[in-house]
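Following the hints, position chain B against chain A.
Number of protein chains: 2
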Amino acid sequence: MGGINTPIRVIDARGNILCGSHLFTGDYSTGEEYAEALGNAINEMIEKNDLQGKIKGIGMGTPNGNMNEGTIEKAANIPWAKTVVVPIARMVTEKTGLPCRLTNDANAAALGEMIYGAAKGMKDFIVITLGTGVGSGIVSNGQLVVGHDGFAGELGHVTVVRHNGRLCGCGRSGCLETYASATGVARTAREFLDLFPERESELRTISFRPITSKDVFEAAEKGDELAIDIFNFTGKILGTAFCDFIAFSSPQAIILFGGLAQAGNYLLKPILEEIDRHVLSVYKGKTKVILSQLKGAEAALLGASALAWE
Amino acid sequence: MGGINTPIRVIDARGNILCGSHLFTGDYSTGEEYAEALGNAINEMIEKNDLQGKIKGIGMGTPNGNMNEGTIEKAANIPWAKTVVVPIARMVTEKTGLPCRLTNDANAAALGEMIYGAAKGMKDFIVITLGTGVGSGIVSNGQLVVGHDGFAGELGHVTVVRHNGRLCGCGRSGCLETYASATGVARTAREFLDLFPERESELRTISFRPITSKDVFEAAEKGDELAIDIFNFTGKILGTAFCDFIAFSSPQAIILFGGLAQAGNYLLKPILEEIDRHVLSVYKGKTKVILSQLKGAEAALLGASALAWE
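Listed in order, the protein sequences are those of chains A and B. Per my numbering, the first sequence starts with residue 70, numbered consecutively. Per my numbering, the second sequence starts with residue 70, numbered consecutively.
Hints are not guaranteed to be accurate.
Where chains are identical, the list cannot tell them apart; a pair therefore holds if satisfied intra-copy or between any two copies.
What the hints assert, rightly or not - Here are the simulated DSS-like pairs of lysine-lysine, each with C-alpha atoms no more than 27 angstroms apart in a straight line: (1) Lys123 <-> Lys338; (2) Lys143 <-> Lys353; (3) Lys305 <-> Lys353; (4) Lys151 <-> Lys164; (5) Lys355 <-> Lys189; (6) Lys143 <-> Lys192; (7) Lys125 <-> Lys353; (8) Lys355 <-> Lys143; (9) Lys189 <-> Lys123; (10) Lys189 <-> Lys357; (11) Lys143 <-> Lys164; (12) Lys143 <-> Lys357; (13) Lys125 <-> Lys164; (14) Lys338 <-> Lys117; (15) Lys123 <-> Lys283; (16) Lys355 <-> Lys151; (17) Lys305 <-> Lys125; (18) Lys151 <-> Lys353; (19) Lys353 <-> Lys338; (20) Lys151 <-> Lys291; (21) Lys151 <-> Lys125; (22) Lys291 <-> Lys338.
Derived by calculation from the structure, the hints in this document are not laboratory data.
If we strip away everything but chain A, and leave its shape as in the complex, we get:
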């Protein structure tokens, strides 16, 4: 479930998408209306495709999803859940007669990686989602770490710069997300262009619109050294943060997922160098950092579906 669209898919145990439909998330003014429409869409899809009795359960990936309670809690980007707690899993079960579980997008991505992707066969790993923000899904001993309140794993909001850090949308400052998200990279680009007026860069030719992380990637691909240094800076901060994550749960792998992960080696190289330089010796050389093997939209859908197998 995104702020705009709710794709609905039937997925089999091997991760094949069999059929699908969708809703516009924002077309409804209350959680009840949305749940009613979602239930109807699911029931219609089951009927139209002769799937009665063949669906094991429903898994949902939602913003601010509380896995313990099956609720969406005060999700800023969902019009009918901005200020309230919506027990969406229970409502969908009532409309469809099927068990329903939910979790947030990053946890869904982690389940997707474990069952169908780069973490197949792993019991201890962390997925870091690098998009507009930075999210995380943590798996320890084969289980999602959701915490006592269902909201564990906000690694985009660990503090990486403790003095004069960048202001974060969460109201605090110095959060990982302000440096290592797509918007964080764009912010670094603007800072670097101001900070090093003597350095040439094709990023200086962009005008009439804000620089994006995609611009930085494209410039790096052409050998632009300032652009490469922007990724070096970003990767170093990620690597430093990863050293602390490793000291926490000693994962077999940290998997990078989401738009910014497409920067590939421009990010991986400085991350690995920083981990190698800084990680506590007992962990040295043990944790892999790898890119997701699932396509963006697919991973969230596959991950959400994985909830239904549990």
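Positioned in the frame of chain A, the structure of chain B alone reads:
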């Protein structure tokens, strides 16, 4: 198992200590000799107390204990395991015929708190051991977080000061342990006395021996403001680190354990203030910070015994 002493106890399911003996850890030159002596001591104790057939298993708390493998790996303070990996659990099983599991001291303390102490009934909590160093035992979803290699939970070595941090015994700098351990508090005391020559403090009267964290506590108890500020500084650093731990696993409680935890409210107050000021809003007011309810030596023994019930 400590570097000097190995206390051995028979403990029942309610946490009562029934009988005991001990070994001197350092009296042996190889792991084999130590395991032989330990096996003999256990067998003798069982025979002397008519406990044949009544022992369910053996649990050990050891330095650098790898829970996944049952090994002690390069433990600096164990003379016969300084540079080698000793498969001690298997060796003890061979000598006694009893199943044997081990983990490090902080994890043993976490199990002790869960089964007999302050974390009774909790599924998500973190024990922070504040002694000569800082250790941690993390429980998520009712299970110890041990990681893919058995060495997760080195929270004494997350980096809390990223620039010009204090040098740490691990070879890096800025680790939590360099500020929040008993030795870290003593270090802060020396720094504060140098840094604020104008401030009066009874800590200035200590001479001919190094200041200890106990001195700082005793001065604080007498109302010494510099001593109280030393704990404020320490608690603030712990609180900042705890905000990141909470973002990771959203624990119901963080439990302070070990010698320095006896400073009680001198530490708790600044910790709670810092968490309240700095934690991500979704976690606000949710995580308790409490003192261990187990006596020092007891908790490690009870926790180790808890391994045998699993």
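Practice task
Compare the structure with the hints numbered earlier in the document and write down the numbers of the violated ones, lowest to highest.
Solution key: Violated hints: 1, 7, 14, 15, 17, 20, 21; rest satisfied.
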